[in-house]
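Chain D: place on chain X using the hints.
Listed below are the residues making up each chain.
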Amino acid sequence: MGRKLDPTRKEKRGPGRKARKQRGAEVELARFLPPGKCGLGPARGRPAAPPAKPAVKAAGQTARGQTGFSDGNSKWLAPAKAKKTQPKGNHTELSSDGEVEEGNWEMEEEEDGSSEEMVDDYGASSSEEDELLPIEKAALKQKSDREGLGEDDSEEEEGEEAAEEANRQKMGQKEEEGLDLQLNLDIDEQFKLPTNEEIEKEDILFIFFPPAEPPDLHVIHQRIQGNMEVLQDFVVKREEGRTRQEYLALLRRDMAAYYSYSDFLLMKLMDIFPLPELVNFLEANEVPRPVTIRTNTLKTRRRDLAQALINRGVNLDPLGKWSKTGLVIYDSSVPIGATPEYLAGHYMLQGASSLLPVMALAPQENERILDMCCAPGGKTSYIAQLMKNTGMILANDSNAERLRSVVGNLHRLGVTNTVVSNCDGRQFPKVLGGFDRVLLDAPCSGTGVISKDPAVKTNKDEKDILRCAHLQKELILSAIDSVNAASETGGYIVYCTCSIMVEENEWVVDYALKKRNVRLVATGLDFGKEGFTRFKDRRFHPSLKSARRFYPHTHNMDGFFIAKFKKFSNAIPQARKEPAAEAAAPSAVPDTVTEPQPKKKKLDGSKADKEQKLPQPALKKKHSLKAQRRPLKA
Amino acid sequence: MRPLTEAETRAVFEKLGKYIGENIQLLVDRPDGTYCFRLHRDRVYYLSEKLLKLAASVPRESLVAAGTCFGKFTKSQKFRLSVTALDFLAPYAKVGHGSSSPGPVPAPAPHNSSHLSQYKVWVKPGSEQSFLYGNHVLKSGLGRITENTAQYQGVVVYSMADVPLGFGVAAKSTQECRKVDPLAIVVFHQADVGEYVRNEDTLT
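Protein sequences appear in the order of chains X and D.
full-length UniProt numbering puts the first residue of the first sequence at 1, with every later residue one more than the last.
full-length UniProt numbering puts the first residue of the second sequence at 1, with every later residue one more than the last.
Bear in mind the hints are in silico, worked out from the structure with no lab data behind them.
Please note that a few of the clues may not be correct.
[Said to hold, decoys possible] Now the in silico label distances, taken between C-beta atoms and shown as ranges:
#: 1; chain 1: X; residue 1: Asp-461; chain 2: D; residue 2: Ser-62; range: 24 to 34 Å
#: 2; chain 1: D; residue 1: Arg-10; chain 2: X; residue 2: Val-287; range: 30 to 40 Å
#: 3; chain 1: X; residue 1: Lys-536; chain 2: D; residue 2: Arg-41; range: 22 to 32 Å
[Stated by the list, open to error] Simulated crosslink set (PhoX-like; lysine-lysine; CA at most 20 Å straight-line):
#: 4; chain 1: X; residue 1: Lys-514; chain 2: X; residue 2: Lys-545
#: 5; chain 1: D; residue 1: Lys-50; chain 2: X; residue 2: Lys-388
#: 6; chain 1: X; residue 1: Lys-430; chain 2: D; residue 2: Lys-53
Note that beta-carbon positions come from the ideal geometry of N, C-alpha and C, so glycine has one too.
Next up, chain X with everything else stripped away, as it sits in the complex (with noise of 0.2 Å):
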């Protein structure tokens, strides 16, 4: 259907075939532009849209403080009332302006008939009664049978409940409608937030009578866009009396609701992102990521292997800069998982965040490494890769059946310097200790591989989270005292996770900083956000900005945490009230008193003396003698 801009060709109206046809351009210009300069450019078409953009906006700024359509539209299309003052009108009628035009620009840009779906965004007819698509027909049709089947019920209450919540779905649909007219015509109309009666008696709805349907995710959907606009702008359009709280406490539902995640999990993202951030997070989850492939330096090269998956009809790519292994595959006529390569072990499918933590790791040759939670051995592979077979690798699990598939990979992939073992990790380094190198890639909640285990967004609640927090802190010193500070070339450790939350991330990495010996060093990642020096009500390390976060929305890999250390003494911190008496002790001092948080009640004991020695450091003589006689005087 054509689209030019020409005012004297009237469209068509109406329910018929043809009204269904997509609208020209000149529909959507005409509602900005003041009448007579509908169609600037007209018989210039599509080449015409850029210059026309400008003067559109020009025009657009002109159309401000009309009260009615002037042009053809005006029987069909009525703004609705403006509540606010111009000024303020004026400066969010701009903004949307300019996101309408955009709009507007991008419809003209676009090629089928999509203008329909364009013209439902911005809503301009799509609430019409006398403009009802088909399916929105068929749609209302339903509502009214749900209606019917609802009367219908013997139970009195659910039918009434019922024909109430129909009414509600109708209001939300008008609300909708409200919605989309104030999104497009006149900003000042606000997004309605539903009182605190009609939010309680969603509540009970929902939990005492279960509707007999789902809830309307396309209202819900629209809810949310709507919070969300009044929110960030909230000085300006928020509804008089109501707290921002209310506002919040409705996104967290309907984002629940629209996005399946459990409350507790919802509040704690929004801890975490600010709110625009949130729904990309949200949105990321929804998608898987890319499959991604690691080149198994030992037996090929990244070159040849890619040529010879591409002539086995897979589309791939370089993985990034960053990588000289790693590769991202888009589609594949064979399985990925069953090619002869594959089965030669010329590579192995590994997520592209699971390469970080070993490249952080950076182990090499003849080293030893220990690898506390090798399952299913991607990452135990990649570091005897590096290493070029030299050395020893300690791959380790605790659970059994998992280290099934860390022998099947290691060996197809041609590993010959790693020993498996099936110990719990936190028997390290009773077990074996002297390592020059640990990973510990923590089994944590899971948060950032949502995409990958939907269930995590409904099955972990608070127990759940502190639990994996308690275990990771057990393994973290654990994993610590395993390493040979004294160690020539190592003496590292690399904590990692996929998970996003502060709990199992930033708070262990503090909680290890103050009960070892060890620094935070930089990770040799250049990109990743840097992980959190605050959060909320606590407060932790400075050096936490070495640690690296990636997120699924931002990077297009799954979520992860990554955190380095450097063990520079052997020696354990005593964290009791005599003071510590090794000689390595002095030196750990200074760097355990500047993690100062006085709000902490932890290690007040220990911290107390460590303030003590150091002003005095005449007395520290005097000190370690005591802590000699002590112990006989016990």
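Chain D in isolation, oriented as in the chain X frame:
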């Protein structure tokens, strides 16, 4: 984790000898150290002496694997070679065959790798998949075969691109292979790399 007894060592070397002839010494004395065989839970592992020290410190119940598993002893004390030994018994593809040629020193293959596996069989691309599913190789799928292969000789099976696919036992000598009809079995299947996906659980 214990060293192999006399009988066990003999069984293992006999089996290995079927595939690589008398070059077993090359497996033991390598330029990057001495390697040895150890037995753990009926499986034979091949590892360097350095790794042995590490493996010995791990408690026996917790040890799952060390180095490379070559195969296992069945209940009747026969030694069965597994596909995980393929990297050691098959040499790497040589440069010029168009396939992978690794840059750094290929550690699993001994230094004069080219002569380790004596008898080789190349399989046509069409029958690769069939072999990887565990079927025997038919005459119709046979691409090349080393000269003077005796009957029931252990062979290493390759694809035409010189990628090792597994082990087999020649069902017919080379002479007979030329005469036999296309549907006759020429190589009995012993182990193939498809087992990494099919039988992942039985590797340990």
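Checklist entry - In this structure, is the beta-carbon distance linking Asp-461 of chain X and Ser-62 of chain D contained in 24 to 34 Å? => result With a Cβ separation near 33 Å, Asp-461 of chain X and Ser-62 of chain D satisfy 24 to 34 Å, so the hint holds.
Item to check | Arg-41 of chain D and Lys-536 of chain X - C-beta distance against the hinted 22 to 32 Å | outcome: Given about 51 Å between the Cβ atoms, the range is violated.
Next on the checklist: Given a hint of 30 to 40 Å, does the C-beta separation of Arg-10 of chain D and Val-287 of chain X actually sit inside it?
Outcome noted: 59 Å, violated
Checklist entry - Does the alpha-carbon distance linking Lys-514 of chain X and Lys-545 of chain X stay inside the 20 Å limit? => result With a Cα-Cα distance of about 16 Å, the restraint between Lys-514 of chain X and Lys-545 of chain X holds, given a limit of 20 Å.
Next on the checklist: Holds or violated: Lys-50 of chain D and Lys-388 of chain X, Cα atoms, limit 20 Å.
Outcome noted: Holds, because 15 Å separates the two Cα atoms, which is no more than 20 Å.
Item to check | Restraint check for Lys-430 of chain X with Lys-53 of chain D, where alpha carbons must lie at most 20 Å apart | outcome: 16 Å, holds
The structure fails hints 2 and 3 (numbered hints given earlier, in ascending order).
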